[in-house]
Amino acid sequence: KAGVTQTPRYLIKTRGQQVTLSCSPISGHRSVSWYQQTPGQGLQFLFEYFSETQRNKGNFPGRFSGRQFSNSRSEMNVSTLELGDSALYLCASSLGGNNQPQHFGDGTRLSIL
Amino acid sequence: GQQVMQIPQYQHVQEGEDFTTYCNSSTTLSNIQWYKQRPGGHPVFLIQLVKSGEVKKQKRLTFQFGEAKKNSSLHITATQTTDVGTYFCAGPHGSNRLAFGKGNQVVVIP
Chain A
1 KAGVTQTPRY
11 LIKTRGQQVT
21 LSCSPISGHR
31 SVSWYQQTPG
41 QGLQFLFEYF
51 SETQRNKGNF
61 PGRFSGRQFS
71 NSRSEMNVST
81 LELGDSALYL
91 CASSLGGNNQ
101 PQHFGDGTRL
111 SIL
Chain B
114 GQQVMQIPQY
124 QHVQEGEDFT
134 TYCNSSTTLS
144 NIQWYKQRPG
154 GHPVFLIQLV
164 KSGEVKKQKR
174 LTFQFGEAKK
184 NSSLHITATQ
194 TTDVGTYFCA
204 GPHGSNRLAF
214 GKGNQVVVIP
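Chains as they are written, first to last, in the numbering used here: chain A, 1 to 113; chain B, 114 to 223.
If you are wondering where the hints come from, they were derived from the structure by calculation, not from laboratory data. Ideal Cβ positions, reconstructed from N, Cα and C, are used throughout, including at glycine. Do not rely on the hints blindly, as some may be mistaken.
[Stated by the list, open to error] Sample of chain A residues with no beta-carbon within 10 Å of chain B, all distances over it, derived: (1) L11; (2) G16; (3) H29.
[What the hints assert, rightly or not] Label-pair ranges, simulated between beta-carbon atoms: (4) B/V168 with A/G40: 22 to 32 Å; (5) B/Q122 with A/L83: 46 to 56 Å; (6) B/Q122 with A/T20: 27 to 37 Å; (7) B/S139 with A/N77: 28 to 38 Å; (8) A/Q54 with B/G154: 39 to 49 Å; (9) A/N59 with B/S139: 36 to 46 Å; (10) B/E130 with A/N71: 41 to 51 Å; (11) A/T20 with B/V168: 29 to 39 Å; (12) A/Q18 with B/E130: 30 to 40 Å; (13) B/P152 with A/G3: 27 to 37 Å; (14) A/S86 with B/R151: 42 to 52 Å; (15) A/T38 with B/M118: 35 to 45 Å; (16) A/L113 with B/M118: 28 to 38 Å; (17) A/S51 with B/T190: 36 to 46 Å.
With these hints in hand, go ahead and build the complete structure from the sequences.
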């Protein structure tokens with residue numbers, strides 16, 4: 001079974017630009033969660049989608065948004081990029097629920113210049 | 114909101130020695146999960162504990178869930194260089210979300 005696939009692996013952007021990251025979950029997984037990882041801050045939860053509906057949202061500004069398609073693939077968009085948005089963005093898929101293991105992709109490393 | 118706290122945040126461990134990392138919550142957890150992230154990699158699920166006082170072993174790794182289901186520990190014996198990485202615990206935060214601790218970064222000294 002193929003794992004979680006995130007594209008692109010690396011991105012370099014400048015302040016003010018916007019970016020879209022993509023995540024393809026494991027086949028059969030309907031829940032996709034997004035996390036931001038920066039040194040020393042662990043995994044900061046962004047949002048979770050299940051069957052095209054956002055069920056949970058973390059404490060991030062509205063510049064961070066996402067969506068999920070009918071095939072469970074998910075995208076995350078960040079607008080008006082700031083230097084502080086530089087991070088590893090991880091996507092994880094699961095069967096759904098807080099008692100299911102999360103399966104992570106390799107992440108997208110976003111650097112803002 | 115509910116959080117899980119991990120201590121210590123960093124550990125330097127001599128190869129061959131044992132070490133333990135801890136995870137604490139202020140509220141009772143229905144389950145706790147442990148993940149390992151190798152340097153440059155992504156978090157990988159290790160195990161889930163559900164029952165009060167549960168102990169599970171994976172080779173040199175022993176995971177324990179506290180009797181009150183508010184804390185958990187991971188104990189590694191005879192540390193190897195392959196044990197290097199960051200160990201995260203995660204507990205439920207609401208019905209459909211996990212809250213991750215900040216992790217315990219482990220450096221192994223040969």
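Hints numbered earlier in the text: which of these fail when held up against the supplied structure? 5, 8, 9, 11, 12, 13, 14 and 15
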